[in-house]
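*Asks:* Spelled out from the first residue to the last, the chains are:
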Amino acid sequence: MLQCIFLLSDSGEVMLEKQLTGHRVDRSICDWFWDHVISQGDSFKSQPVIASPTHYLFQVVREGITFLACTQVEMPPLMGIEFLCRVSDVLSDYLGGLNEDVIKDNFVIVYELLDEMIDNGFPLTTEPNILREMIAPPNIVSKVLSVVTGNSSNVSDTLPGATGSCIPWRAADPKYANNEVYVDLVEEMDAVINRDGVLVKCEVYGEVRVNSHLSGLPDLTLSFANPSILDDVRFHPCVRFRPWESHQILSFVPPDGEFKLMSYRVKKLKSTPIYVKPQLSSDAGKCRVNVLVGIRNDHGKTIDSITLQFQLPPCILSADLTSNTGTVNILGNKTCSWSIGRIPKDKTPSLSGTLVLESELERLHVFPTFRVGFKIMGVALSGLQIDKLDLKTAPSRLYKGFRALTRAGEFEVRS
Amino acid sequence: MAPPAQSQRSQSPSQPSGKSEVSDLKLQLRQLAGSRAPGVDDSKRELFKKVISYMTIGIDVSSLFGEMVMCSATSDIVLKKMCYLYVGNYAKVNPDLALLTINFLQRDCHDQDPMIRGLALRSLCSLRVANLVEYLVGPLGSGLKDSNSYVRMVAVIGVLKLYHISASTCVDADFPSTLKHLLLNDSDTQVVANCLSALQEIWSAEASTSEEASREREALINKPVIYYLLNRIKEFSEWAQCLVLELVTKYVPSESSEIFDIMNLLEDRLQHANGAVVLATVKVFLQLTLSMTDVHQQVYERIKAPLLTLVSSGSPEQSYAVLSHLHLLVMRAPYVFSSDYKHFYCQYNEPSYVKRLKLEMLTAVANESNTYEIVTELCEYAANVDIPIARESIRAVGKIALQQYDVNAIVDRLLQFLEMEKDYVTAEALVLVKDLLRKYPQWSHDCIAVVGNISSKNVQEPKAKAALIWMLGEYSQDMQDAPYILESLVENWDEEHSAEVRLHLLTAVMKCFFKRPPETQSALGAALAAGVADFHQDVHDRALFYYRILRYNVSVAERVVNPPKQAVSVFADTQSSEIKDRIFDEFNSLSVLYQKPSYMFTDKEHRGSLEFADELGNLSIGEAADNVVSSQRVEENDKDLLLTTTEKEETRGSSNNGSAYNVPYDSSTSVFASQTQIESAISNPTTAGHSQQASFGIDDLLGLGMPAVPNVPSPPQLKLNTKAALDPSTFQQKWRQLPIALSQELSLSPQAVAALTAPQALLRHMQSHSIHCIASGGQSPNFKFFFFAQKYEESSNYLVECIINTSSGKAQVKIKADDQSTSQAFSTLFESALSKFGTP
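Top line first, the protein sequences correspond to chains A and B. Just so you know, we're using this note's numbering here: the first sequence kicks off at 1 and counts up by one. Just so you know, we're using this note's numbering here: the second sequence kicks off at 1 and counts up by one.
This is chain B alone, in the form it adopts within the complex (with noise of 0.2 Å):
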């Protein structure tokens, strides 16, 4: 991973032969510069190409930079272009033997030929040199005023380009201004296009230091431009088509029919051959009606048929980046897409990288109606040709059990896959029928008796082997020989290479030997004996733990190694909603086929338009490439510890498993350090049990020496304004670009679920708390509102989506704020007003 070097290694073999080969060019193109012989243009030519294709396979070849611009002067068109490329290329690196070439570019910039005036003008902006910026005002401003769209067109690109070299010249030179006035009124589209493409980034860039620009920047979205845009849609390029539905997406219609209006003017869009602007326009679709619960759920009936056509017919790559967004919004709605399962269907010749992804949305889309079908056609691909495919579709049978459908059909096809001899089949099958007997012990019955007859030498891999001794431990009771494969594993010590297997043969001789004592007895001895000289440190602390607990009481150790176990209702490893969301608000980039929000993958930089440094862009790769791998350690590291926790929940079954994964969210607690945060944290009523005790440790650690906590709400430090006002295109402009400041789940009592039978009773509730709504919807037992208060006297604003759920009685609340600091005090408000809620 090195490719700084690399890149040396390319040229070095041709640099010593270019070297010579570069100078003999020198001295042919220093013989014809000033020659006017007729034919010369050809021998130019094919003196110029012979220099491009250097530079193409990257010799460099700017020591030729003075003759190159003697030889320009020509009137062959292609000679020009040729020049033009080579100029582009190098001025960077002479700035000042660029100069040589502004002459002959201005001069071409008036030719008479547009075709060549709009060339020149492109050349002379690529340049990109910073002292020659004062040549470029010029021949720009008659650019932007030329009679041909062509010219204009290059000309409002260049404006671009000159504001990215020197952003004070652009601005002086008014062509801001210049660029709004053609983009409301040029008749060639593509101008339009470009005006649009260029304004939005420049005052992007300026917005952060000049208010004027930010205004300019919200006056896009208004109403006008957006309608005057809506209306020529069909004139622009497919291209200048998404840019422009990409704007549509910011706009925050005033009223519903507005809404209607821009969807049946944009319908057709869905139908364009071009997949990039099928998938804007969905977007717009989605973007505008996501306050209109029942319109939405038609949006994506509509979206569908065009999405799925896209997934058939479209290249590998098309169909990848199409699949990836209808994951996330099968994510949304699994029910729209149930009755299409067979379009993700695996044909043979895919690359697997569609493949799996159509593995990932027949495991979505599976219900009662078709599980059947999905899971017979996923056995097929088990015996696959394409083994990570094959092993793929087999945990997505394994998914499919643990969502709870049909799952007797589906214990018959996993036990299948035991029987079927091949080593990586068993492996999956194993780790499935494990993960299956934790959710449905009903099961064990059926599956041991499989199981058992696997041996244990036909296993291989670290996670199957894992999952088999587990079962040994856990289902010793049911397996006759359970024992005595586990003596004989235990024998084999020495060969067992994973720590994993190790951790876990431990574990299940315990357990075994708390149900078959007799026969197990020497094989524990052996175990703890042989764990203890283990050199891996986890395997020798539990080995030493287990031997410990086992002298200091035998029944206390069995209540640690053997408790009684529920089943587990939902394992830790789904993606949190919170994420979802904000992949959905991100739909159509980047973010959905990384399947994390943009702030996750992205530096902060880079997010938004080109703002950069230049250095960035060379950054060493080599440098960078060590950042990356260190972050993607640390995720891993996450990943570990999380898998560890479940793990050892898993194996020790300590506490019940419901808590376990709350205590992330506690953890959060840690980090209060002021002591009125600390009592906001305990009038906290959800997180009650375990905040209380982790204050408590903490005001310990910290040595704060407070006294007992009273465990009452402390009176609300914040005050808000009754008669807050915010109006909704407000409210969804900070919504998007606020960050959440405070997520959790808080619970609803049951008076609160039985008062909740209509969203306006809550409206009502809450207005009195004055915190006010701003929409709602929903049905039971699903409802959602946005809220919104102000701070008293003060204009800093509170937003807040809270999610409903009555049947669960659960509320998921997000808190975004103006002010940051005080959306704790915030939240401690919000919460009581809301567990106020149905109390007389």
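One chain only, chain A, in its complex shape (with noise of 0.2 Å):
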């Protein structure tokens, strides 16, 4: 079981550390830690289970802040990984993103989040849900009222209602005046099309994300209306499984506000909505860059915010890049992005250029792999659609809303 957590900032200074058992670890380790950092260099990134001298160590790395836990014995490794992961996206959550300055002004609320959520090394509840209840956020009117009232406890004074209920996930009856309920489809597209410009891998793994302002204990289901393209499935814990065996709907009682209720995987997709064609050709140290990018089929909905960006080799000296349609810029670390934005109607955007080699180089051995970036909105590229939601009981006045949307995810075209 774990026992220590550390935060570290990006420099390595310990900003946080909690001792979860009475097996005190020294903080000697972080130096330990930090420095076979630095030993693995900035290209790679270490391993996420590292063993130490006298301990293991989990790392998760978000936003430049380093979660990091220790411990002696056997344990399950994903235990530890998607514990830290859980425990990064609380506190972006509550602190509303992560950097050393909000987690150094909000320390006392890190040090309460992470009493609940871990008691002697082993993690109790990471429903945000339930923490929201435990230990109130600090918020803009929390902190208005401090000033005003002089009185700024951020602890609820009730104890959640749902450590002792059976649905660990809701709280026990929100009442509003407005029933809504928002069903997104959020889908990112992974592509690779390979050297020869055939499509490799082409998957879409999506979301559905549900917003749930919903009174009492309201019953949903929701159905698709072709389920059977879905390849893999995962739930949140509200889901009833056997509905889903037996007829692909999903019955669930939702938790308050938003959260993901199910996400799955969509293999083996035939086509990309865009192509985007690369053409290096080199001789006597130089070379000819040219891409193009075009829709490929038409959805009928407009794709939005295209942008391209490769890393240009490290035996390029200079290159001079230009398009006939948006912007071109080449940043310090020699990446190289391109920003598209909407294809216009009249021409096909194309970048073009040449890349000057290093002296001794004739020709190009290592090749660029572009990355492509858009979203669709108003369609799920996978072809799923949302049959129907129901509400067993329903509200008098009830809201429902439906909303679809497709991005890139890892796309990648390789030259």
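Everything labelled a hint here was simulated from the structure, so no lab data went into it. Among the clues, some could well be false.
[To be verified] Going by beta-carbon spacing under 8 Å, a handful of chain A positions derived as facing chain B:
#	residue
1	Phe107
2	Val108
3	Arg234
4	His365
Backbone N, C-alpha and C fix where the C-beta goes; we use that ideal spot for every residue, glycine too.
Hey, can you piece these two chains together into the complex? The hints should help.
*Replies:* Here's what the structure looks like:
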């Protein structure tokens, strides 16, 4: 079980230390860890599980903050890693983002949260809804209140009802004047297009996000028009398994507020919404670059925020790249980014120019990978469609909303 | 690597200023302590915050203990929490002052607000001061009976904390049995889960001294408890589910219908959003079905999709942990994942530790149907900006080639690498071409044509250079320029810094000399002269050896240096199947990530639960670091040894390749000291040839003056109980607990293989030798048996796992025994029984 949790800043300073068991872990472990990280160099992020001379260390890095946990006993590794991921999620949710300052300003809250999330090295609850009831987040309202009333206790007076209820994710009986529930399909398309322009891999990772503000204990059912296309699904604990098993219907009592109802994968898609065709030809110490971007098959929806990013190989001395649409930037670390935005009707966006190679080199041997970004509102590219959403005992006024969005995940085109 | 010094360093700059500020704080706290003025809580809060923040950045504020306690009389819960935090941190170093806090903590334990009751109880138990335990028992007892589940939950963990401070107090207060009652009856699942984790820890710790505790621990794994927990599993929090699932893996169902019930009940856990739950469930499924081969295979199919989703949708850290487990599974069942190879394609943005594992996965899943795609993909990585990954992927291509799939196409690719003119690509490819040629000499013609074009000046890395030189020597008859290239290399002898390269150069020149004497003669002379003068001992010795053998007899020298070689069929660096099995038993643990069973990387006291002494936690790291470094060094040395044996084998080629790898097995014979053991070793038919020589050699060394030992099996000294009985669950439990006493590979006679058309035949045969079968399975050509035997008139058991492959005629035998000292004797018995199988 975990013995200690440290939060380190991006310069390796210990911002927070939380001892969990009687076996104190000396802070010097952080110095060992930091030396280890530095010895691994920047380009190599070090592994999430490291064996130090005295402890096994789990580390998760988020927004420059390192969450470090130590243990001396054998334990399921994913438990350590998952827990640290949850800690970072909860903290960034509570503090409205993660950075060194915000943690230092709110370290008392961080301590309080850790106190409730883990005891004696064993994780208790990481459900944000429950934590929220035990420890109030430091929001603007409470700050104002504290100034006015002089009472800044950020601990709620009541114990969360849910710790005793059998639906751990739902607070007891919220009441709303307007009953609303919103369902969003958010999909990310991962694709790899190889050197020969062949679509090697194309799949969609999707999430069904629900934002529910419903009074009482609402029992919802959500069904899809074409559930058979889903390859693998994962559910929020609130989803009942049997209805899904037999009829592919999601039946659940939702947590209050926003949450991820399910995630899914759709494998082996046949096409991508846009194409990117890079051409590199080099001779005599120069390399000609020409990249074309266009819409492949029209979904009837506009494709927004198209971007293209690639790392110039280290052997390149200088680059001169221009485009007929959008802007091209070459950043300090030799990252070239081309933001196109929307594709104009009258022309095909293209990027062209020359790269000058190091003096001894004739030809280019290391080819960049182009990472593509885009966003399409109103369509789920996997083709998944929501059929209907029902509420068992519908309140008098209920508003239901559906949206869909697809964006590029790891979309890479190799050259 | 001297962290202690650094921790001082980080403190020292803030110390001078810190000190004055601490005394400042002390003063202010003192002023506030008695004050009842309005708004005093606010100023206190500010001060407390400062104290805690000093504590957090590592300034020692323990001198404020008294003042902090004085200020703690407050109704403000945030103040209370900060105070608890402070007290918990420093009570241990201030045991006398800690007494002051007991009072207000005990009072808070009776507060109206359950939250405060819980928090106070938690802090009280976190003081961890040994002479204050008497104050814990009362509040804990009432905490366990509290009407609010939050307080009970805290109290249960409090019991565990108390146990670690003073085990006797905890046991005397009869807390374990209270916990047991709560475990089975509490309505709140978090309380139940905490009871489970606390009881497991307490009873495991007690088990070493108390019979009863170990019985209680076993009782946790019985059917009613397991079923009770499983039926409520959905109510547990995700982390508590992991705990329950871990317990279920230890449960041995009595019949197969139970196995299916449990799997049906847990199936939806595979869909859980928390990866830790998914992995724990996977472990349950795999463990439950170990003895049911068919179902086990179906389980692989079932768990595939959830695991692959975890890999592609989680954070890189999660993917890493899951991929490590997948890697283990793939080794056991490569075909299951062979159609999903695209999941292991590397994405540009992934950290290298994920990419590296993915490359290993790609090598492992490669088979006839997907090799082409996988190799195409790997070749794209070779032009990757990330150089270590590019190297790694070239190596992966080589490994796939050595797995014998579609070698034709791969050789072409490798040769293309050589033409890429990138130094690291050339270097890696050269090493691979060398390995390839050792395994497939028939490709030499194509490879040599390309290798011949590589200028040795462009190859700098020792490994690659050594490979190139080896090829120059080995194929000098086919390479026009070989003698001249070697000659120029010899001329630059002094500039060659790597001893490995120089060794290879010597051997290559020798080989070349026997193939093309007139062209090489001068180079050989120069090489020998330079070698004899070399300061490196190995190089010097080898040069001298060559020189003398050449003088003694040139044709003998040729036979030594240039014998006909057989192609290498299996390279030695593959991990043994036993280690893989051990790691598999430790599925869902750190072992999998390190790819080593836990005994190879943990100290004994760190295995299992937190039983280690307190001092260990405070071990100065500098000291421990040395230990680790030295052990690493030992390991490296081991590897070096292995490497050199293979390298030497390769360069000398003196003996045929197969037997060289058997040597480590026989080295165990050198351990034998007593006469009886030597006898049994000799009667051991499989190791006959080697062990005989070895043991005779030892006889001389030990001066035992034994007469020539007759080469007949000695009569078994061990008598077995013909009517032994053991129930399956005891067997499984023992199998898990006992270490492997003996592990060996036996050969079966052709008659035995012929007789083994069905497992039953062997079972009857072994039964006639008082060795009973408890489980068997498998289909031709692979059979797996679990046997057991009992010593005559004693309850000492022997457990055997025997895996027979009828196509190779080999049997892998692992023996475990209650009484380790007789395991060798039993092994002899087992072997003789097995060897008689099939003979009429």
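*Asks:* Going by Cβ atoms only, is Phe107 of chain A closer than 8 Å to chain B?
*Replies:* Since chain B brings a Cβ to about 6 Å from Phe107 of chain A, closer than 8 Å, the hint holds.
*Asks:* Using Cβ atoms only, decide whether Arg234 of chain A comes closer than 8 Å to chain B, and label the hint accordingly.
*Replies:* Hint holds; Arg234 of chain A Cβ to chain B Cβ min 5 Å, cut 8 Å.
*Asks:* Answer holds if the nearest beta-carbon of chain B is closer than 8 Å to that of Val108 of chain A; otherwise answer violated.
*Replies:* holds, 6 Å
*Asks:* Please verify that hint: His365 of chain A, Cβ, nearest Cβ of chain B, below 8 Å or not.
*Replies:* It holds, given that the least Cβ distance between His365 of chain A and chain B is near 5 Å, below 8 Å.
The structure meets every hint from the earlier list without exception.
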